[in-house]
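*Asks:* Given next are the chains, with one letter for each unit.
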Amino acid sequence: MSTETTLNESFNDSHVLDPAATALSQEAISAEITDIHAAYRQSVVDGAKAATQPRIDFAPYRSSLLRHPTKNLHHVDPETIELHSPAFGERDVHALESDLTIQHNGEPIGERIVVQGRVLDGDGRPVAGQLVEIWQANAAGRYIHKRDQHPAPIDPNFTGVGRAITGPNGEYRFTTIKPAPYPWKNHHNAWRPAHIHFSLFGTDFTQRMITQMYFPGDPLFSLDPIYQAITDKEARDRLVATYDHSITSHEWATGYNWDIVLTGSNRTWMEDEEGDH
Amino acid sequence: MTATSNAVAANTAAPALKLTPTPGQTIGPFYGYALPFAKDNELVSQARPGSIRLHGVVTDGNGTVIPDALLEIWQADEAGNVVSKDGSLVRDGYTFTGWGRTAVDNVGHYTFTTLNPGATEEGKAPFIMLTVFARGLLNRLFTRIYLPEDTAALAADPLLASLPEDRRRTLIATREEDGGLRFDVSLQGENETVFLAYPRES
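So the sequences go chain by chain: U and S.
Okay, so the first sequence: first residue is 1 according to UniProt numbering, each after it adds one.
Okay, so the second sequence: first residue is 1 according to UniProt numbering, each after it adds one.
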């Protein structure tokens, strides 16, 4: 049995579901998640540090089994190239690319939304002039992607891809369509909560990150092994946007706010360190 | 003795962060039309003198190639200068921006066309920074691709020196006959690549 076939999230072989994949029930996956979370909470009670990033060896997300490094990440002091980041500007990104609803001839179907927020670093400083990329499913839960064969309609007026460069205060703003949940083949009856993927750069390349923004109140949160791979509840909550009626506009779009915090810049610290010697 | 220990601790501990970083998440399988772009893996034209091919495969814990990873590199130019020029996403064919991105192909193979980076500081071993994203990988991974030639600098490199030989060699590319660099990435398994964490990650 090919593991790749079993764990594949693509849907092009959905008519021949692998019994090994469908045999895993949501209850079994949820029980695994519950056990891992309970053990995590106990470790915090016992004095362990909060785990604010996803656990990369999170077995309930079956695709991670053979893809997570087994050895600890090696701590290293960043060198010159790692302390800088590629430069992006108007040459790279047109201002209209942040509106995902105007890329085709007609209006996309679904709930028009505005998602805005700020990109900050771990020291609370705005990250200006950096690239933010997003991608997402459409209002029916379908991606425009050759591997996504989920039988939901493709919207000819929605590709689900946007880009922006952060402003002087780290601000970004996208106009898009609220994505829907969609099924995937991690286990039987697995559905992902609605989400928008975000790709971000900071001022150091060590701050590079990709994450997912979720919508408040999604009933699928507790069932989703990707979201639950962040074992710390407070950390998990950071991926959920806030509905903000002040962003919502009259007869046009509902509004969400989501701020993103990258890691700290190592560059300043290194310069300070050099100054100490 | 105590004073020395404290001094060492002070020099290695990064200042605490004021804000907790947002958690990362997997890139997932369907980034297809979002992240790839025209000439994304061509940091320079193949026709440019000095251009090289950097390539390899990405494998999982069974040694099986992964068809849905995405890689990015970031590097200095041939003289070791860190460039700060835009135009990575809309390449003009002339400007070297130091950054590239590529999705692996159906058999897990990636290729960049780039330049040999120079050392950014005298006596340092030159390397290319590599970031790995993939379905099944819950957060991005960082590593370094060292050039194999400057053996003295490699021997003196603090990161490489801190690793046992079998781990160390996972970070050093192989030079091919045509001048290209071969660098395979193993997410897991016998030749698991050394992946890096930086002081101020969380």
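Any given hint might turn out to be false.
[Said to hold, decoys possible] In silico BS3-like pairs for lysine-lysine, Cα to Cα no more than 27 Å straight-line:
#1 U:LYS146 x U:LYS233
#2 U:LYS71 x U:LYS49
#3 U:LYS71 x U:LYS178
#4 S:LYS85 x U:LYS233
#5 S:LYS124 x S:LYS85
#6 U:LYS49 x U:LYS178
#7 U:LYS146 x U:LYS178
#8 U:LYS146 x S:LYS18
#9 S:LYS18 x U:LYS49
[Unchecked claim] Reference listing, derived: stretches of chain S covered by chain U, where coverage requires no fewer than 3 residues with Cβ under 8 Å from a Cβ of chain U:
#10 174 to 183
#11 190 to 200
It should be emphasised that the hints constitute simulated quantities derived from the structure, not laboratory data.
Just so we're clear, the structure is a prediction, and the values are computed from it rather than from any experiment.
Where a beta carbon is used, it is the ideal one built from N, C-alpha and C, also for glycine.
*Asks:* Could you run down the list of hints and mark each one as holding or not?
*Replies:* Verification of the supplied hints:
Restraint check for LYS146 of chain U and LYS233 of chain U: the C-alpha separation of about 35 Å exceeds 27 Å, so the hint is violated. A hinted pair counts as satisfied when its Cα atoms are at most 27 Å apart, and LYS71 of chain U with LYS49 of chain U qualifies at roughly 19 Å. Taking the CA atoms of LYS71 of chain U and LYS178 of chain U, the gap is about 39 Å. The hint is violated against a cut of 27 Å. Proposed proximity of LYS85 of chain S and LYS233 of chain U is contradicted: the alpha carbons are some 40 Å apart, above 27 Å.
Taken as a hint, the LYS124 of chain S and LYS85 of chain S pair is honoured in the structure, with Cα atoms around 24 Å apart against an allowance of 27 Å. Simply put, LYS49 of chain U and LYS178 of chain U have alpha-carbon atoms about 35 Å apart, too far for the 27 Å limit, and the pair is violated. For the hint pairing LYS146 of chain U with LYS178 of chain U, the CA-to-CA distance comes to about 21 Å; that is within 27 Å, so the pair holds. The suggested pairing of LYS146 of chain U with LYS18 of chain S is violated, with an alpha-carbon distance near 42 Å, which exceeds 27 Å.
Restraint check for LYS18 of chain S and LYS49 of chain U: satisfied, since their Cα atoms lie roughly 16 Å apart, inside the 27 Å limit. Evaluation of the coverage hint for the region 174 to 183 of chain S: breached, as 0 residues show C-beta separations to chain U shorter than 8 Å, against a requirement of three. With 9 residues bearing a CB less than 8 Å from a CB of chain U, the region 190 to 200 of chain S meets the requirement of three and the coverage assertion stands.
In summary, the structure is inconsistent with hints 1, 3, 4, 6, 8 and 10 from the numbered list given earlier, while agreeing with the others.
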